[in-house]
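Asks: What follows is each chain in one-letter form.
2 protein chains.
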Amino acid sequence: SKANEPHSAPPVEHYFMNNVTQSRNPAENKEKVLILTPLARFYQAYWDNLNKIAYPHDLISLGFIIPKTKEGNQAYADLQKQVTKTQSGPKAKRFASITILRQDTENPLMSQNEAERHKMENQKARRAAMAKARNSLLFTTLGPTTSWVLWLDADIVEFPPTLIQDLADYDAPIVAPNCFQRYYNNDKKAMDVRPYDYNNWIDSSTAKEMAAKMGKDDILLEGYAEMPTYRTLMAMMHDPSADPGTKIKLDGVGGAALLVKADVHRDGAMFPPFPFYHLIETEGFAKMAKRLNWDSYGLPNYLVYHYNE
Amino acid sequence: SKANEPHSAPPVEHYFMNNVTQSRNPAENKEKVLILTPLARFYQAYWDNLNKIAYPHDLISLGFIIPKTKEGNQAYADLQKQVTKTQSGPKAKRFASITILRQDTENPLMSQNEAERHKMENQKARRAAMAKARNSLLFTTLGPTTSWVLWLDADIVEFPPTLIQDLADYDAPIVAPNCFQRYYNNDKKAMDVRPYDYNNWIDSSTAKEMAAKMGKDDILLEGYAEMPTYRTLMAMMHDPSADPGTKIKLDGVGGAALLVKADVHRDGAMFPPFPFYHLIETEGFAKMAKRLNWDSYGLPNYLVYHYNE
Ligand SMILES: Nc1nc2c(ncn2[C@@H]2O[C@H](COP(=O)(O)OP(=O)(O)O)[C@@H](O)[C@H]2O)c(=O)[nH]1
Ligand SMILES: Nc1nc2c(ncn2[C@@H]2O[C@H](COP(=O)(O)OP(=O)(O)O)[C@@H](O)[C@H]2O)c(=O)[nH]1
Ligand SMILES: [Mn+2]
Ligand SMILES: [Mn+2]
Numbered sequence: 045s046k047a048n049e050p051h052s053a054p055p056v057e058h059y060f061m062n063n064v065t066q067s068r069n070p071a072e073n074k075e076k077v078l079i080l081t082p083l084a085r086f087y088q089a090y091w092d093n094l095n096k097i098a099y100p101h102d103l104i105s106l107g108f109i110i111p112k113t114k115e116g117n118q119a120y121a122d123l124q125k126q127v128t129k130t131q132s133g134p135k136a137k138r139f140a141s142i143t144i145l146r147q148d149t150e151n152p153l154m155s156q157n158e159a160e161r162h163k164m165e166n167q168k169a170r171r172a173a174m175a176k177a178r179n180s181l182l183f184t185t186l187g188p189t190t191s192w193v194l195w196l197d198a199d200i201v202e203f204p205p206t207l208i209q210d211l212a213d214y215d216a217p218i219v220a221p222n223c224f225q226r227y228y229n230n231d232k233k234a235m236d237v238r239p240y241d242y243n244n245w246i247d248s249s250t251a252k253e254m255a256a257k258m259g260k261d262d263i264l265l266e267g268y269a270e271m272p273t274y275r276t277l278m279a280m281m282h283d284p285s286a287d288p289g290t291k292i293k294l295d296g297v298g299g300a301a302l303l304v305k306a307d308v309h310r311d312g313a314m315f316p317p318f319p320f321y322h323l324i325e326t327e328g329f330a331k332m333a334k335r336l337n338w339d340s341y342g343l344p345n346y347l348v349y350h351y352n353e
Numbered sequence: 045s046k047a048n049e050p051h052s053a054p055p056v057e058h059y060f061m062n063n064v065t066q067s068r069n070p071a072e073n074k075e076k077v078l079i080l081t082p083l084a085r086f087y088q089a090y091w092d093n094l095n096k097i098a099y100p101h102d103l104i105s106l107g108f109i110i111p112k113t114k115e116g117n118q119a120y121a122d123l124q125k126q127v128t129k130t131q132s133g134p135k136a137k138r139f140a141s142i143t144i145l146r147q148d149t150e151n152p153l154m155s156q157n158e159a160e161r162h163k164m165e166n167q168k169a170r171r172a173a174m175a176k177a178r179n180s181l182l183f184t185t186l187g188p189t190t191s192w193v194l195w196l197d198a199d200i201v202e203f204p205p206t207l208i209q210d211l212a213d214y215d216a217p218i219v220a221p222n223c224f225q226r227y228y229n230n231d232k233k234a235m236d237v238r239p240y241d242y243n244n245w246i247d248s249s250t251a252k253e254m255a256a257k258m259g260k261d262d263i264l265l266e267g268y269a270e271m272p273t274y275r276t277l278m279a280m281m282h283d284p285s286a287d288p289g290t291k292i293k294l295d296g297v298g299g300a301a302l303l304v305k306a307d308v309h310r311d312g313a314m315f316p317p318f319p320f321y322h323l324i325e326t327e328g329f330a331k332m333a334k335r336l337n338w339d340s341y342g343l344p345n346y347l348v349y350h351y352n353e
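Chains as they are written, first to last, in our numbering: chain Y, 45 to 353; chain A, 45 to 353.
Everything labelled a hint here was simulated from the structure, so no lab data went into it.
Accuracy of the hints is not assured; some may be wrong.
One copy or any two copies: either way a pair holds, since identical chains are not told apart in the list.
[Unchecked claim] Below are the EDC-like pairs computed for lysine to aspartate or glutamate, each with C-alpha atoms no more than 16 angstroms apart in a straight line:
{"hint": "1", "residue 1": "334", "residue 2": "261"}
{"hint": "2", "residue 1": "252", "residue 2": "148"}
{"hint": "3", "residue 1": "137", "residue 2": "160"}
{"hint": "4", "residue 1": "125", "residue 2": "57"}
{"hint": "5", "residue 1": "137", "residue 2": "92"}
{"hint": "6", "residue 1": "232", "residue 2": "261"}
{"hint": "7", "residue 1": "114", "residue 2": "148"}
Predicted model, so just to flag it, every value in this text is computed and none were measured.
Start from the sequences, fold in the hints, and give me the full structure.
Replies: Encoded structure:
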């Protein structure tokens, strides 16, 4: 329409929230999916797999939040290039909409290699910053018609094209696949897989006792020898010979790949940047969802793969 | 544009969050304000005052959430009628956009008169439901360009047209005017004003001791003789002869009228529907914001008025 045409009346939108279903057949029911990715580094394999997602792209919106760092600038440039390509390519492959947020906070702890960022003393500040980034992205992109939120880290470089349907079919409020990593096994002299994400776990009495004795602002972390929690880690439960559809209940979840019914977030479930029951970020999210009567589940034998630095 | 024209490339939107300022001169800086109202009953005086707001209406978006009750249906019909009028009226008076959500949950505790809904045993479930309604509204309407969120209950029937500028000028992350009520004073045989909202308070050692001794899921409530907290209530601090600009720090806030910098919400501050440090809903919100390092303030001598049933 012409720029100097009189403006029509501004939009008034009505939404009946009970029409925003979250069913086992999301594509048939035309349920909208919001894929949210905090992005510090761009990986082409992540984008290629996103393009291959077998869920109708016109029902998918993408949201990114990118840190205000040199590394973030590079990721932003790389992403923009691919976004332009996809959104001007074949119609059926275009996504409904794409939102890219550049963070306004700089975080010195963020541009780190795997070893550095996993150091225990760096975890609390780092994960608090990640939690705020996730909240910022969530609060500003979730819409009244969003049925599902798929959290997908930018370094998840391999996942099945049917990821959305596969996860939705479990009809779980929150469901996490198992996040593994490919590597070269020197003993076997061959490529192999190993667990990557330790944030998907079932609580233990040891962890509960540790939490009870902690200072009120201390947090429990998973995957650190200095802090043995004896939680049951989904990463360790992977069994290629068992039922691929196995589903277990979880008390803590990771955010690498996580499908969430939008109503869970709408009720108020976010990623606590502060210690919440001695948990933070995605693990705190599972606890907060639980306080809102939503359960988390995990799929030990359904794998997605994290980039190997 | 014609319905069968080829679609142009779907939108890709870029937002630089450091451009989304929250300044003392919001109108000059073209800062967008989102006014959010949980609405169970429609009051014409509320709408009339909304129309009189002296902040550029093209920078204001409105969001409503309406319960799925008979009363809600009536409120919805009344609201729609007025919305249509305003949005097709003089251009300068039209709001940038209006979003109306109909809740999918029915809450039997909701359609209550003042006496009934203020009964202590009804408060926990009622305020949890209110918290979820507020979260739902917030999570689905906050956008990447929103600078401020003004929470304004539908039964706030009198407030100055300069409310937004006045509150923003305090440069506070969270700021609450004092919510009073007009009534007929039988002793004076004249109209008078009295405090209405007791949720704006400064914490007391008594309340802290009570909280420390409570069961973990119990909540503290304000304004109940059965539960004397000895908190300092802003409602009681009103002094017409004192500095009208007086600002005090608060530990708990009400939601009747509350200006919040959008970054506070973006960091994750929401209305806990579960006991959070023994607080719930708007009072829990202030505590959660505090955990995110955002302070709440109140204006004892700046009045807005609640409807008198
Ligand atoms: N927006 C934003 N994203 C980040 C930041 N740091 C890391 N990320 C992204 O957040 C996700 C998880 O971070 P990562 O460092 O891979 O966590 P890890 O795999 O658990 O060690 C990845 O997609 C990163 O690209 C940050 O400071 N801001
Ligand atoms: N969406 C929604 N709004 C409600 C509900 N109950 C009350 N409200 C609105 O929420 C605000 C606060 O509720 P109200 O009952 O006035 O609380 P009080 O003044 O603190 O007793 C008002 O604007 C009500 O119209 C509900 O169940 N759903
Ligand atoms: Mn990673
Ligand atoms: Mn009220």
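Asks: Are the hints correct? Go through all of them and say.
Replies: Verification of the supplied hints:
In the homo-oligomer, the alpha carbons of residue 334 and residue 261 lie at most 16 angstroms apart only across protomers (14 angstroms), although the nearest pairing inside one protomer, at 20 angstroms, exceeds that limit. Taking identical chains as interchangeable, the C-alpha atoms of residue 252 and residue 148 are never at most 16 angstroms apart, the minima being 36 angstroms within one chain and 36 angstroms between chains. Taking the shortest Cα distances, residue 137 and residue 160 never come within 16 angstroms of each other, neither inside one copy (38 angstroms) nor across copies (55 angstroms). Taking the closest pair of Cα atoms, residue 125 and residue 57 come within 16 angstroms of each other only across two copies (14 angstroms); inside a single copy the shortest separation is 33 angstroms, beyond that limit.
In the homo-oligomer, the alpha carbons of residue 137 and residue 92 lie at most 16 angstroms apart inside one protomer (11 angstroms), although the nearest pairing across protomers, at 47 angstroms, exceeds that limit. For the identical chains of this complex, residue 232 and residue 261 are neighbours neither inside a copy (44 angstroms) nor across copies (53 angstroms), given an alpha-carbon limit of 16 angstroms. Taking the closest pair of Cα atoms, residue 114 and residue 148 come within 16 angstroms of each other only inside a single copy of the chain (13 angstroms); across copies the shortest separation is 45 angstroms, beyond that limit.
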